[in-house]
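*Asks:* One-letter residues, chain by chain:
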Amino acid sequence: MTSALGKDLLGLEVLSGDQIRLVLDTAEPFKEISERAIKKVPALRGSTIVNLFFENSTRTRISFEFAEKRLSADTVNVASTGSSVQKGETLVDTARNLEAMRIDMVVIRHGASGAAQFLADRIESNVINAGDGMHEHPTQGLLDLLTLRDHLGDIAGRRVCICGDVLHSRVARSNIWGLQRLGAEVAVCGPRSLLPNAIEEFGVIVFERIEEAIDWADALNVLRLQLERMTAGYIPSSREYNRVFGVTRERLDRAPRDILILHPGPMNRGVEIDSDVADGPHSVILNQVTNGVAVRMAVLYLLAGGRPELAEAAKGASR
Amino acid sequence: MPTRLSEQKTILSASAVERTLRRMANEIIELNDGTENLVVVGIQRRGVQLAHRLVALIEESDNAKVLEGSLDITLYRDDLQTVGPRPVVGPTDLPWGIDGRNVVIVDDVLYTGRTVRAALDELADFGRPAHIALAVLIDRGGRELPIQPDIVGKRIAVERADRVDVLVDELDGKTAVVIVPAVTNPAT
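Taken in order, these protein sequences are the chains called G and L. Numbering-wise (my numbering), the first sequence opens with residue -8 and increments by one. Numbering-wise (my numbering), the second sequence opens with residue 32 and increments by one.
Rather than coming from a laboratory, the hints here were simulated on the basis of the structure. From the three backbone atoms N, C-alpha and C, an ideal C-beta is built for every residue, glycine too. There is no bait here: all hints are sound.
Ranges between beta-carbon positions, derived for each pair: (1) G/V67 with L/S46: 55 to 61 Å; (2) G/S71 with L/V214: 54 to 60 Å; (3) G/A147 with L/I178: 42 to 48 Å; (4) G/E115 with L/V214: 31 to 37 Å; (5) L/I178 with G/S25: 25 to 31 Å; (6) L/L151 with G/A91: 35 to 41 Å; (7) L/G65 with G/I53: 45 to 51 Å; (8) G/A28 with L/V214: 44 to 50 Å; (9) L/P126 with G/G102: 42 to 48 Å; (10) G/D249 with L/P122: 24 to 30 Å.
Using the sequences plus the hints, can you model the full thing?
*Replies:* Below is the structure:
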């Protein structure tokens, strides 16, 4: 069970530029399926997929579920609050139980960084990381890349700044690695308290002021300020954050060029992003959501089935 | 691999393909009793280019506008689990309803019939045509399913392992039909 992506999709750090481009190219024709009257193709008929969500999620879980159903897979959702359970033991047990039920794929979201890898090492099924702690959220990174490519054309040489709470963000990590694989210039911008200590080692530019970022960038990926962590004293208040780092209409009006605005959701309107920006002409936030389904269909399709030796032979035969 | 190229044999030249398509275009008009309600749908990849030429020929001979579309059947294949994912090469483009229309599916080479089976399944997801016919440039035999063409450019007999390639200007830089024999071990 190995595909052009390998057995699992755990993160973008381990993928090559060619592998990322393969996913994006495969996602293109999948966009059209969601526009059909009958939004379903039989590609994954008979496959069983478990959506294992140890953390809350609306967008990602529903997006995966639509992607699975539009490929005709059978899906089961397992939700768990996971607050009182010991992570390691739970995952091993869960893995064993899932294996015993003869499933084909697991989509996992977990609060612990590395949980997807942990699971992938222990089961034969394909594992797709839907967000693990502060590590990676590869399908979000891929849908951001697809949206950027839709609007900017080639990503190579483009300047993308990731703004806000980079410290807690798995989306930021997947974005940085994915963008760099495709040859983009990447920057981050946010209060020092919300940037990882050795952020420079990622090979990114660091902007201290949002005005500088807006001056520089072709696109801003505005991250959600994780308000639930506000008690930890990372920032004085959300109002002050908006005043200093908020992406506002006034600031964008002074930009030297049109800047594409992305946000992975859910948004805190009036904190990291103002409503007239989120709903404005340069916002591609809803395009991201639409692309999310296509990208996840592409990942599921590429990971599904296929014995490698036969796949190689088919490549020659299908010219 | 390079030895293959030297051994390949052309069975239809560009002008022979043109002649054959002209006859097929007339047969499509005849089969459909005109061009009313006609939709010509090419299967990705080379069926699309052939369908495009057939439409031009039909329009030329009947002086009417003919609807044209394309199908990518990759996601309807029955071998994903064994063979693995193949590149999805082109869009499925059926911009108007096919309900009640006469659809002609166009493909370059008819072999096992599995591609056509997949195309029929995909069409069914888009609507309920009044009639579906199959037109192929080459019928090489070797069917694995009970599927037969209505209109054939040329029937040929080849070994199972041989390859029959239809080349079109748009993708290959020239138009022809060639047989590429299975590679034989030169040492034996």
